[in-house]
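Trainee: So the protein lines, in turn, are chains A and B.
Residues 1 to 214, numbered by my numbering, are exactly what the first sequence covers, in order.
Residues 1 to 277, numbered by my numbering, are exactly what the second sequence covers, in order.
Derived from the structure by calculation, the hints contain no laboratory data.
All values derive from a computational prediction rather than experimental measurement.
Using N, Cα and C, we set each Cβ at its ideal position, and we do this for glycine too.
There could be a bad hint or two in this list.
Claimed, not checked - Stretch-level coverage of chain B by chain A, calculated; a stretch enters the list once three of its residues show a Cβ under 8 angstroms from a Cβ in chain A:
# : region
1 : 44-52
2 : 156-164
3 : 253-263
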Amino acid sequence: MTDVASATETEFEDDLEPSSPEKRIPWVFAIWLIVAGVIGEIAAFALTVEKFHALQNPGTAASCDISVFVQCTANLESWQGSVFGFPNPIIGLICWMAPIVVGFALLAGARFARWFWVLFNIGVLGAVVFVIWLATQSIFDLNTLCPYCVLTWSVTYPTFFAVTFRNMAEGVFGDGAKKAGRALLPWVAPISIVVMLVIFVIAQTQMPVIQSFF
Amino acid sequence: MTDTPKQTKNQRREEAREAARVQREKALKRKKTLKWLIPTIASVAIIAIVAGVVWAVIALQPAPKKEAGPLNMISDGILFESDGDGGVQYVPTKAIAKGGDPVPTTPREGILNIVTLVDFSCPACKSFEEAYASSIQGLVADGTATLEVHPVSILDYRGYTTDYATRANNVGACVANYAPDSFLDVMGAMYTQQPSEGGPGLGNSSLVDIVKSTGLDDADVNQCVLDESFTPWVTAATDRSGVRSTPTIIINGTQWDAQSQEFPDFVNAEIAKLDAE
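Modelling step: build the complete structure from the supplied sequences, incorporating the hints.
Mentor: If you want it as structure tokens, here you go:
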């Protein structure tokens with residue numbers, strides 16, 4: 001039974017792939033890229049506006065300041081918040097456009113060259129590395145969790161996993177990675193949820209995040 | 001399906017092939033559905049479990065114990081009035097008994113009844129104290145006002161990584177209970193030596209040092225601070241106050257809106273109301 005099923009699956013997918021490209025629009029993947037991009041843009045925009053607010057009214061609280069531990073003023077004012085010499089959210093404003101455009105292009109049936117997917121994957125890898133670094137700085141150095149930053153992290157991880165697994169599954173990284181990619185792709189959501197939970201638990205060991213809400 | 005004997009061998013073979021194809025597609029569809037369904041269920045399950053645990057932790061938090069309160073704080077606050085000689089004195093009261101409820105202060109007619117709900121660990125309360133404590137105490141001294149100070153602790157784990165707020169306000173309760181004449185001095189010292197927010201706050205022995213820095217060295221007070229004797233009352237009183245931000249200032253039943261009015265203007269407005277009566 002299982003032998004038959006796996007045999008038929010490869011047969012089925014093999015003959016489907018080249019012959020009917022219009023059926024190959026990856027709806028879930030494309031819509032996720034758009035949703036993640038829009039959420040990322042919202043978070044980056046909110047942080048940019050808060051930065052303006054902080055510059056105009058130094059010393060006042062930002063709308064995202066909930067407690068000493070859940071706040072964004074400290075993050076925006078830190079050197080880590082402008083690590084390249086300008087506020088980080090500007091990077092978000094520019095870069096979150098990329099997944100939105102790619103998502104819509106996929107919905108429209110676009111197909112990209114392999115080098116494009118490699119570049120896109122490098123982009124989201126850069127994003128995830130940056131976000132990991134920011135999270136460690138925020139939790140261990142600044143002792144804060146900033147709501148819009150957390151929102152950004154929470155869409156960065158699934159985007160990174162989705163793009164990477166998709167590229168593996170589609171053979172961007174060679175045939176060897178195809179099988180693993182296909183197996184991992186459905187698990188993007190649970191993996192991302194676990195990653196975010198781990199971050200919250202680590203944060204909780206450093207500061208009273210949960211208590212600060214009550 | 002009618003299996004007539006007229007069917008040729010080819011037809012039967014076609015039918016069998018078709019049936020096999022349908023079977024295969026069904027199996028494939030089922031496998032594809034499961035491939036996405038299982039991770040989705042896993043996601044929902046993880047979120048549900050975490051939400052359940054967080055809810056349980058919150059719901060199972062014990063209600064604040066109704067332990068006995070400190071002396072001179074029957075209203076959950078300590079009341080100060082003019083001593084009739086240009087000074088300020090506290091108004092002695094009994095303590096809230098174990099399991100009992102506070103008894104509100106009866107407002108004085110024709111003067112300002114100033115009630116302050118303050119957190120000894122709160123930076124905004126410190127600023128308020130620095131700006132207005134002496135003028136308020138001046139109003140009390142000359143008989144224009146009474147002052148009722150309610151220590152509440154809202155910054156545990158919000159402003160500090162420990163329960164510093166509750167321990168800091170316990171100092172107020174200890175002093176009210178054993179050395180009420182020193183209450184305002186100790187409160188001032190608690191503000192001037194307030195630790196910076198975001199850290200652990202101060203330990204109890206440092207709190208004793210702050211009390212001693214005012215010249216008060218009372219064994220009972222020191223022990224009370226070290227033992228955190230009135231922290232159950234602090235928690236219960238904070239709960240009863242319903243206050244979410246400090247300082248909350250109320251004069252003759254009207255709450256000061258710090259956003260729209262300077263404090264002296266608020267006081268003058270309340271004095272004007274009294275004059276109009």
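Trainee: Count residues of the region 44-52 of chain B with a Cβ under 8 angstroms from any Cβ of chain A, then say if the count reaches three.
Mentor: It holds: at least three residues are needed, and the region 44-52 of chain B offers 3 whose Cβ sits within less than 8 angstroms of chain A.
Trainee: Between the region 156-164 of chain B and chain A, see if three or more residues pass the 8 angstroms beta-carbon test, and mark the coverage as holds or violated.
Mentor: holds (count 6)
Trainee: Please check whether the region 253-263 of chain B has three or more residues whose CB lies within less than 8 angstroms of a CB on chain A.
Mentor: violated (count 0)
Figure legend: structure checked against the earlier numbered hints; the only hint not met is number 3.
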